[in-house]
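Chemist: Chains X and G, in that order, give the protein sequences. Numbered according to my numbering, the first sequence terminates at residue 1312, and the numbering increases by one at each position without gaps. Numbered according to my numbering, the second sequence terminates at residue 1403, and the numbering increases by one at each position without gaps.
Keep in mind that a hint or two might mislead.
[Stated by the list, open to error] Partner residues aside, some chain X positions facing chain G, computed with beta carbon under 8 Å:
hint, residue
1, Phe1049
2, Lys1052
3, Ala1094
4, Val1096
5, Lys1106
6, Arg1120
7, Leu1176
8, Pro1179
9, Asp1209
10, Asn1213
11, Ile1247
Think of the hints as simulated: they come from the structure by calculation, not from any bench. Here the structure is a predicted model, which means the values were calculated and not measured. Glycine residues also receive a C-beta, built at the ideal position from the N, C-alpha and C atoms.
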Amino acid sequence: MTAKPANAERQAKGKAEVAHEPARDAGPGAGSSVALADALPGWTPADPIHHLGPPQVAALQRSAGNHAVADLLRLQDPGVQRTPASAPPKPGTGPAAKLAPFNSYADLLNGFQDLATALINRGGAGLDTVHFGPDLTPAHRSLLWTIRTALIEAQDTDPANRHKAAGTWRAVSGRLLTAVGEAGKLGAPTDAIASVNDQIAMINKRLGSARGRKDVPEAESGEDYVDTIKAIDQLFIESMGLLEGGPSIIREEAPGRPDIEVNSAVVELNAERRALISGVKLGSHATSRHAQLVERLRSTLILMRSEKAGSAYAASARWRSIEGELRYVLQRGAHYVDGDLSEAVGRLEHTKEMIDAHYAAVHTGNLEAVLSKKRDKGELKERREFAEKWGPGMQAVVAEKIAVEDVGNAFDIIQNHLVKSDREGEWNISNGGTSMRIREDQAANLHALAQQQLKSYIASLVTALVAAREDYDSIKLGNSRTKLRVLGFLGGADDPGSFEKETADLIVMRDQTVKPMIERGDYVGAFKLIMDLKPQIEKRVKAEADYDADLDSGYRRLAVTMSIVQVALVSLVPIAGEAALATAPMWAVGLTATAAGGGGAFIGEGTRQLVTGDHDASRLGKTTLSGVAIGTTAFTGPAAKQFGTFMTGGSGGFAATGFEAAASGTFGGVQSVAQGGTFGEGFAGNFLGTMGSKFTGLLPGSLQTGVPGKIVQVGVGAGIGELTTGDPLGGAVGALVPSVVSKGPHPAGGHEEAAPATGGAPTEATAGRAPATAGGAPATTDSSLPLPGLGGGVPEGPAVGATTVPGTFAPLESAAPAGPAVGAETTPGTFPPRPPAPPTAPAVAAETIPGSGIQERPPSTPAGAGTAPDGLAGRPVPAGGATTAADGLANRAAAAPADGAIPVGAATGDAGANSVVPGAPADKRVPVSAATGDAGAGSVVPGAPADRAAAPQPTGVDPALDATGRPAPTPGEAATGQPGQVGGPQPGNQPVIRPPAAAQQPRSKGRPLLPNAQVPADLPQSSDPAYRYDKLVAGGQQIRHDITGRPDFDAKADLAAGGAVPTSGPTATYAKEEAGRFQRTGEKPAAGLSKDEAYVVKDTLDGDRKYLFKPVEAEYAIPRAEARGIDEQAPREVAGPMVAEQLGIDAPRGKLVTIGDKQGVLIEWREQNSLSDLALQDPEGFKRLIESEAFREALQTTDALDYLINNLDRATNFGNYLYEFTPDGKLKLTPIDHALTFTSTRERASIDAYTRELPERYPPDLVQRLEQLSKNRAEFIEKIRPFVGDAAVEGFSHRLDIMIEDMHVKQRTGRS
Amino acid sequence: MRTVVILRRTPDAETEELARISASAPGTPVDIEVLVPEFREGLAALGIGGTIPDGSGRSIAPDDGEAYLDALLVTYRGSRLWAREVVPDLQ
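Next comes chain G alone, as it looks inside the complex (with noise of 0.2 Å):
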C-alpha cells in the first residue's frame, strides 16, 4: 500500500496533517482520509479529491489510484500546503 499524505504549515510554523490519500492495490481507486473533519470542504476545494494534473499536465482522478498519488506529489508542492509520501519505516 501507498500513502501520501496531505500537509499544511501553519502560520505559527507548525504542521498538520490533513488528509491520507492511500491506494491499497494497483488499479484501485485511492481511498481519501479526512483527517480534520472540519477541514472537509475546504480540502475539495484545494481540490483534494477531485481531478488533478499528473507531471505531464494529464488529468488525473482518484480512481487512477497510484497515479493519483503520483499527481497528488506533483501538484501540492507549496510551503504551505504540500504532498508527501509516507515511507512505510516513518510511519
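One chain only, chain X, in its complex shape (with noise of 0.2 Å):
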C-alpha cells in the first residue's frame, strides 16, 4: 500500500481520463477546469445528517429506552413525542443548558458541507444558492452565513476581500469547530464529523486556521492514510477468529454471579488476542486525529476480547461511536493511497459482524444468569460428575431436576422480580445481584409465554393421562377377559384398573385451580402444584404403559406416551424465547437461540473444531447425539415442523429449521429406541437429515460470521460440552434465555455518554447521499490570488465533490448501521424506509409485477423510455434527467438547486452506489422523486417504478409499523406482539365467515369470482400459514441450494442413484366411440390453440352434464413424471379421484372414453373457481386464503390424497385446487388434475414447488376412512391396477403404510 502521485502527475491523467465526460452535471462554472476537478481524489462528503421525527424517537423509546434518548430528547423539537424527564438539569448543567437542538447542528453540518463543496469543486459557483436547512438555531444559522460570505468574499478579485474573508473564516472557523465538537457529543454521525473536519483543513489552507486552538484539524495526506489504513486494517486481521459458538459458552462475569465461570478456553483465547491486538503498530504519519480513531479501535477491539462484566457492552458501543469514522477513512483513503482496500473494507464488515454478535452473546449468557437459579461455585459441575458416576439414567434424573429448579427459578423471577422500571417502556428483571433492563414489550411477553407455557404443561399432562385411559380402554375393549387373564398371567401385568376418576379429577384440578393461579399470575404456585401432580401422573401414565407393554411387547405405545411427559417439560424452555423471538433481530435470535439440546452441541462442536482446525465429523456428531439424548419427545416430520414454527413464534426460515431437525431427529430418537436400536441412531438420521439440507450450508458461514444458526431447544441440552464447562443441563436454562434476549439494552453509539440517536435513524431509511461525483465541477480557483496559504490558489488536498473512483464503496452505509443506531440498538423494521416518493416522471412504459419484472400490455411508452436489453421496459428519464442510483435511496428530499445544477445521480441509471460514473456533480441531492426510489431489493426491475409508486403508502410511517411505530403484528400475532394462537381459534369459537358486501368485490375482468368463491375479510389467519404470499411473489419457492450447479427444485431423494424406474404402463381400456353422445360446448378457445387442447364436452344422454376432455395425445412430456415411471397420463386421472373417494375427498371423476378419433379421458367438469383464479383476481383475497388457517386445515386430506398417489403436480400449482366456501362458511377444496400421479417409486418425491408432505393432522374421518382402506387394501388395489400399472401399486401401499403409522403416531400425541 503506498500513497498515490501527487496532483499533478494525476491531472494530466485526469484529463484524457474525463474528456469522454461532458460536464453535463456541472453546476455553474464548470468548464474550463473540468480536468483540474476530476484529477483530483474524489471528495466523499457523509451522509447528510438527518434530523429525527418521531417514528424514529418511538421506535428508539422502545427498542433502547426511554432512558437513553431523554438527554437527546430534550434537545428536540416540541413536536416530538417524549415522555418526562425524570429529573430536569440543573440550569447551566445540563446539556441542554448549552447545546442546540439536534437538528440545528445537522442543518449547520450540511449547510456546511454544501458550502463547502460550493468553494472547493465549483470555485465557489452556487456559493449564493446554497440553502440551509430549516431547523438552525439563529446562532447557526448566523454562523453559516458568515461563512458564506467569507467564502464568496476569498472569490473576490480584489485582494482586500480575499484577506478580509481570511481573517472572517479564521475567527468563525473556530466557532465551527466547537459546533462540531457539540454535534459529536450530540452523536452526530462520526463519518460525518470527520467529513467536515477534513473540509476544514482543506479551506484553512487556503484561508488559515482558527487562532489558539488545539482542535484544528490536520490536513490529510498520503502517508497519512497508508500508515492509518494499514494499522486499522491490521487491527481487524488480528482480532478476526473470534466464533460465537453459541449463549451457553460464558464470556462474560455475570455481576453477582460466580457460580457463573467465565470459559476457560476463551480465556486463554482472549489473551492471546488481546496481545496481537496490542501488538500492531501506528506508522509515524498518521494525523493525530487518525492516530486517536486508530486508538479507540484498538481499546474497542481489545473490549470485545476482555472477559470482565460490560466489556462487550463498552466495546460495541465503542465501535458505533467509531464506526462512520473508519468507514470514512478507508472510503477517503482509497482516495490518496494505491491498492485495493475492498478486503479491508470487507474485515471492516466482518469486525462489525463479530462485535455485534459477541454482544448478542454476552446478552444472552447475562439473561442466562438472571433465569437460572443462583447456585454455589462448582455445585453444577459436583452434581453433574455425581450423576455421571451413576449412569445415564441418573444423569437424566439430574438433568430433570436442575431443569426443573431453573424454569421454577424462572417463574419466580417472571412473577416476584420482573418490575416495570421508573423509565417508561422498560422493566428491570434481576435474580439477586443480577439484574437487567429489558423491553416492556419483551416483560409481557414473558408473562404471557409463562401463563402459556404453564396451562400448555398442564394440558400435557392431562393429555397424557387421557392417552393412558385411551389406550388401557383400548386394550380392554379389544381382548377378551380370559385372553387378558392369561396374557396378565403369563407377562406378569397388573391391571392398573380404571382412568376415568383421576382423569375427570385432573381436569377439574387443571380448570378450577391451576388455570386460575395461572391468570392470576401465580407462577410459583401453579408451578409448584404442578409438579406436584406430575409424580403421580407419571406413576399412572406408566403403569398402564408396563400394563400395555406386558400384554404386547411389540407395542410401542410405551416410548411415545411417556414422552408426552418429556415434551411438556421440554415446552417450557422457549417461555422466553418466543418473546425474543417475536420481535428480535435476526442476529440475535440466531445467537441467542443456540442454547440448548443437540443444537449447541453442534454449534459447540462446531465452533471448536473451527477454532482448533479438528475438523472431524463424525465427532460433530457424536457431540449432537449426546446433547439431545436426554430430550426425547415424539414429534414427525410435518409434526416437528409445526412444533419448530411454534418455537419460532411462527417465524419460520432458518429459526424454525432448527426446531424441525431437533424435533425431528428426536423423533428420529424415539422411532429408534422403539425399533431396537439407540435414540442416538435414530436421531442422527432425523436431525441430521434434515440440518443436511437446511443448514449444513449455511453453517461454516454462519459460524464464521458469528452468526450461528439458531438451533433446538428440544432436549435439556448438553449444549456445548465440548468447548465449554458446560452443564449439558445449562441448555434448559439457556433455552428460556434466548427468549427475552431479542434485544435487550444495547449500548449507546454514537457516542457512549450522551447515546444519542441519530445517524443511523434517517425519517427516510436512506443509505445516504450517493457519493459525490465530480468531474464537470471543478474548482475554477484563480491562481493568481494571494491569499495566504493558498499555495496558487488550489488546495492540495482532493476536491470537494470531486470523482468517486468507480468500486470504492460509497460511504452510505456507514450512515445507516444496521447494527444498534446511534443512542441505541436498531431492531429491524423500527426505522421507516423512505415513503414510496411520487415519481416525477407521469407515466412508466409498463407497470411491474412486483418481484417479477412483468410488464403490462399495452403500455404506451412515454417519451425517453428506453427498452433495456432484457426486454423490459426502460427506465423513463425523470424531468430534469435525475434517477437514483440503483439502490433506490434518495437523498433527503430538497429542491432542486437554484443555482441549476443537475443533481447528482443523474444518468447514472442502476449503476449502484458503488458505480458513480464520473463526472456527476458535487452536489449531492437527488430528487426524493426520483423515479427508482425504492427499487432496492431487487424486487422491481429497473424501469419500472410506477407499480409501487401507485400503490397508496401511509406518509412517512413504514407500513410494516403502526401508528406507534411499533411493528405491526403479523398475520397470526397479536397486536401485543405476542405470538397468536398456535393452530388457529379453538374450535368452538369460529368467527362468523361471510363474504364481503358487493361493493367490497373484488374487481375483475368481466368475470366475477363465483359467490361462493369470494373470500371473506375476516377469515381467520393461520399463525403457520401454509404458504406466505410474499414469499410466493417473491419466487421464495423453498429451492434446493446445496446442490452444485443451479439449485434444484428437486430432491431426487426417492430416485435411487443411477437406477432405472420401470415406467408403469395402465392396462385400462378406452371406450369406444359413442358418436354424437359428447359434444363439444361453446367455451370459445383463445387464439392460437392446438386442436389438441383439451375441451370441454357435454354429454347428450346424461342432461348436458359438462366434462373436460383430455385427449390422450394432447398429454404433454414431463420429465419428473417420466423419471418416476409415469408414461400414459390419462388412466391415472381415473385413478386419482378413486382414490380420493376413498378418503372423502370430492374430487371430479374421470372416465376413459374415445370422441371421434381421439382416446383420451373425460374429466367432470365443476363450475368452480380455482385457486388461481382466485390469484389472478383477488390477489388480496387470495393472500388471506392461503394464509388462513381455513386452508391449512382444508389442505390435510388433499395432503393424505397427494401423498398416497404420489401427486408430482400440487402444492403452489394452484390451478389444481377448485375452492369454495359452503354455505356453512367452511373453506373446501377440490383437487383436479391427476395426470402425473401413482408413480413407479416407492417413496414420496420431494419437489418444492409441486408436492408436500404428510399431513400435519389428521381429521376423524380421514382416519377412520384410512383405516378403512388399509384393512381393504388388497381389493382396492385391484380396482386402480388397471389404471395405473403393477408398478405403481407396490409404492401406493408402501405410502399408505407409512401414513398409517404417521397417523398412528400424531393420533396418541393427541394431533390426530
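Two independent chains are provided; combine them into the complex using the hints.
Modeler: So this is what it looks like as C-alpha cells:
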C-alpha cells in the first residue's frame, strides 16, 4: 500500500480520462477546469445528517428505552413525542443548557458541507444559492451566513476582500469547530464529523486556521492514510477468529454470580488476541485525528476480547462511536493510496458482525444468569459428576431436577422480580445481585409465555393421562377377558385399573385450580402444584404403559406415551424464547437460540473445531447426539415442522429449521428406540438429515460471521459440552434465555455518554446520499489570488465533490449502521424506510409485477423510456434527467438547486452506489421523487417504478409499523406482538365467515369470482400458514441450494442413484366412440390454441353434463414424471379420484372414452373457481386464503391424497385446486388434475413447488377412512391397478403403510 | 422467436390468455407481456415471471430465455392453468 502520486501527475491523467465526459452535471462555473477537478481524488462527504422524527424517537423509546434517548429528546423540538425526563438538569449544567437542538446541528453541518463543496469543487459557484435547513438556531444560521460571506469574498478579485475573508474565516472556523464538537457529543454521525473536519482543514489551507485552538484539524495526506489504513486493517486481522459458538459459552463475568464462570478456553483465547491487538503498530505519518481513531479501534477490539463484566457492551458502544469514521477513512483513503482496499472494507464488515454477535451472545449469557437459579460456585459441576458415576439414568434424573429448579426459578423471577422501571417502556428483571433492563414488550411476553407454557404443561399432563386412559380402554375392549387373564398371568402384567376418575379429577384440578392460579400471576404456585401432580400422573401413565407393554411387547406405545411428559417439560423451555423471537433481529435470534440440545452441542463442537482446526465430522455428530439424547419427544416430520414453527413464534425460516431438525431428530430417536436401536442412531438420521439440507450449507458461513444458526431447544441439552465446561443442563436455562434476549438494552452508539439516536435513523431510511461525483464541477480557482496558504489557489487536497472512483464503496452504509443505531440498538424495521415517492415521470412504460419484472400490455411508452436489452421496458427519465442509483436510495428531499446544478445521480441509472459515473456533480441532492427510489431489494426491475408508486402508502411511516412506530402484528400475531394462538382459534370459537359486501368485491375482467368463491374479509389467519403470499410473489420457493450448479427444486431422494425406474403402464381400455354423445360446448378457445388442446364437452345422454376432455395425444411429456415411471396419463386421471373417494374427498371423477378418433379421459367439469382464478382476480383474497387457518386445515386431506398417489403436480400449482366456501362458511378444496400420479417409485417424491408432505394432522373422518382403506387395500388395489399399472401399486401400498403409522403416532400425541 | 402463452380456463369453461412470454433470440431473456393488466400481481403469485423448475427440477429464471419457455411448458400443465407454445401458423 503506497500513497498515490501527487496532483500534478494525476491532473494529466485526469484530463485524458474525463475527456469523454461532458460537463453535464457540472454546476455553474464548470467548464475550463473540468479536468482539473476530476484529476483530484474524490471528495466523499458523509451522508447528510438526518433529523429525528417522531417515528424514530418512538422506535428508540421502544428499543433502547426512554432513558437512552431522554437527553436527546430534551434537545429536540416540541413536536417530538417524549416522556417526561426523570429529573430536569440543573440550570447551566445539563446539555440542554448549552447545546442547541440536534436538528440545528444537522442543518449546520449539512449546510457547511454544501458550502465547502461549492467552494472547492466549483470555485465558489453556487455559494450564494446554497440552501440552509429550516431548523437552524439563530446562532447557527448566523454562523453559516458568516461562513458563506467569507467564502464568497474569498473568490473576490479584490485582494482586500480576500484578506478580509481569510480573517473572517479564521474567526468563524473556531466557532464552527466548537459546533462540530458539540454535534459529536450529540451523536452526529462520525463520518459526517470526519468529513467536515477534512473540509475545514482544506479551507484552512487557503484561508488560514483558527488561532488559539488545539482542535484545528490537520490536513490529510497520502502518507497519513497509508499508515492509518495499514494499522486499522491489521487490527481487524488480529481481532478476527472470534467465533460465537452459542450462548451457553460463558464469555463474560456475570455481576453477582460467581457461579457463572467464564469459560477457560475463552479466557485463553482472549489473552492471545489481546496481545496481538496490542502489538499492532501505527506509522508516524498518521495525523493525530487518525491516530486517535486507531487507538479507539484498538481499545474497542480489546474490550471485545475481555471477560470483565460489561466489556462487550462497552465494545459495542465504542464501535458505534467510531464505525462511521472508520468507513469514511477507508473510503477517503482509497483516493490517496494505491492498492485494493476492498479487503479491508470486508474485514471491517466482519469485525462489525463479530462485535454485534459477541454482544448478543454475552447479553444472552447475562440473561441466562438472570434466569437460572443461583447456586454455589461449582455446584452444578459436582452434581453432574455425581450423576455421571451412576450412568445415564441418573444423569437424566439430575438433568431434569436441575432443569425443574431453573424453570421454577425463572417463574419466580417473572412473577416476583420482573418489575416495571421508572423509565417508561422499560422493565427490570433481577435475580439476586444481577439485574437487567428489558423492554416492556419483552416483559409482557415473558408473562404471556409463562402463562402459556404453564397452561401447556398442565394440558400435556392431562393429555398424557387421557391417552393412557384411551390405551387402557382400547386394550380392554380389544381383548377378551380370558385372554387378558392369561396374558396377565404369563406376562406378569398388573391391571392398573380404570383411569376414568383420576382423569376427571385432573381436568377439574386444571380448570378450577391451576388455570386460575396462572391467570392471576401465581406462576410459582401453579408450577409447584403441577410438579406435585406430575409424579402421580407419571406413575399412572407408566402403570398403563407397563400393562400395555407386558401384554404386547411389540406395541410401542410406551416410548411415545412417556415422551409426552418429556415434551411437556421441554415445552417450557422456550418460554422466553418466543418473547425474543417475536421481535428480535435475526442476529440476536441466531445467537440466542443455540442454547440447548443438539443444536447447542453441534454449534459448540463446530466452533471448537473451527477454532482448533480439528475437523472431525464423526465427533461432531457424536457430540450432537449426546446433546439431544436427554430430550425424548414424540414428533414426526410434519409435526416437527409445526413444533419448530411454534417454537419460533411462527417466524419459520432458519429458526424454524433448527427446531424442526431437532424435533425431527428427536422423533427419529424415539423411533429408533422403539425399533431396538439407540436413540442417537435414530436422532442422527433425522436431525442431521433435516439439518443437512437446510443448515449444513449455512453452517460455515454463519459460524464465521458469528451468527450461528438457530438450533433447537429440544432436550435439556448437553449443549456446548465440548467447548465449555458447561453443564449439559445449562441448555434448559439457556433455552429460556434467548427468549428475553431478543434485544436487550443495547449500547448507545454514536457517543458513549450521550447516547443519542441519530445518524442511523434517518426519517428517510436512505443509505445516504450518493457518493459525490465531480468531473464537471471543477474548482475554478484563480491562481493569482495571493491568499495566505492558498498555494497558487489550488488546494493540495482533493476537491470537494470530486470524482468517486468507480468500484470504491460509497459512504452510504456508514450512515445507516445495521447494528445498534447511534444511541440505541436498532431493530430491523424499526426505522421506516423512505416512503415511496411519487414519481416525477407521469407514466412508466409498463407496470411491473412485484418481484417479477413483468410488464403489462398495452403500455404506452413515454418519451425517453427506452427498452432494455432484457426486453423490459426502460426507465423513463424523470424531468431533469435525474434518477437515483440502483440502491434506490434517495438523498434528503430538497428542492433542486437554484443554481441549476443537475442533481447528483443524473444518468447514473442503476449503476449503484459503488459505481457512480465519473463526472457527476458535487451537489449530492437527488430528488426524492426519483423514479427508482425504492427499487432496492431487487424486487422490481429497474425501470418500472410505477407499480409501487401507484400503491397507496402511508406517508412517512413504514407500512410494517403502526401509528406508534411499533411493528405491525403479522398474521397470527396478536396486537401485543405476542404470538397468536397456535393452530388457529379453538373449535367452537370460530368467527362468523361471511363474504364481503358486493361493493367490496374485487374487480375482475368481466368474470367476477363466483359468489361462493369470495374470500371473507375476516377469514382467520394462521399463525403458521401453509404458504406465505409474499414469498410466493418474491419467488420464494423452497429451492434446494445445496446442489452443485443450479439450485434444484427436486430433491430426487426418492430416485435410486443410477437405478432405472420402470415405467408403470396402465392396462385400462378406452370406451369406444359413441357417436354424437359427447358434444363440444360453446367454449371459446383463445386464439392460437392447438386443436389437440383439452376442451369441454357435454354429455347429451346425461342431461348435458359437462366434462373436460383431455385427448391422450395432447398429453405433454413431463420429465419429472417420466423419471418416476409415469407414461400414460389419462388413466391416472381416473385412478386419482378413486383414491380421493376412499378418503372422502370430493374430486371430479374421470372415465376413459373415445371421442371421434381421439382417445382420452373425460373429467367431470365443475363450475368452480380455481385458486389460480383467485390469485389472478383477487390477490388480496388469495393472500388471505392461503395464509388462513382454514386453508391449512383443508390441505390435510388433500395432502393425504397426494401422498398416497404420489402426486407430482400440486403444492403451489394453484390451478390444481378448485375451492369454494360452503353455505356453512367452511372452505372446501377440490383437487383436480391427477395426470402426474402413481409413480413406479415407492417413496414420496419431494419436489418443491409441486409436492407436500404427510398431513400435519388427521381429522377423525380421515382416520376412519384410512383405516378402512388399509383393511381393504388388496381389493382396492386391484381396482386401480388397470389405471396405474403394476409397478405403481406397490408404492401406493407402501405409502399407505407409512401414512397409517404416521397417523397412529399423531393420534397418540394428540395431533389427530 | 418463440412464444409461450399462459392460459386459464374459467368456471364457465372459456379459455383466456393471460400472458405471452417470448424469447426473441437464443441467449436473451424472455419478454413477458401481461395481457390482462388486472392480473399482473396474480401472475407473480402464481410464479409466472419468477423462478420455476425445468423438466429436471433445476431452477430456471426469465433470464434463461428459451429455457424459461421450456420450463413454463412443463410447469403449467393443468386444466385450469396451463402454458402452451404458440405454433407460428396458429398465431
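Chemist: Does each hint hold? Answer for all of them.
Modeler: Evaluation of the provided hints:
no. : hint    : in the structure
1   : Phe1049 : holds, 4 Å
2   : Lys1052 : holds, 7 Å
3   : Ala1094 : holds, 6 Å
4   : Val1096 : holds, 4 Å
5   : Lys1106 : holds, 7 Å
6   : Arg1120 : holds, 6 Å
7   : Leu1176 : holds, 4 Å
8   : Pro1179 : holds, 4 Å
9   : Asp1209 : holds, 7 Å
10  : Asn1213 : holds, 6 Å
11  : Ile1247 : holds, 6 Å
Hint check: no violations occur; every hint is consistent with the structure.
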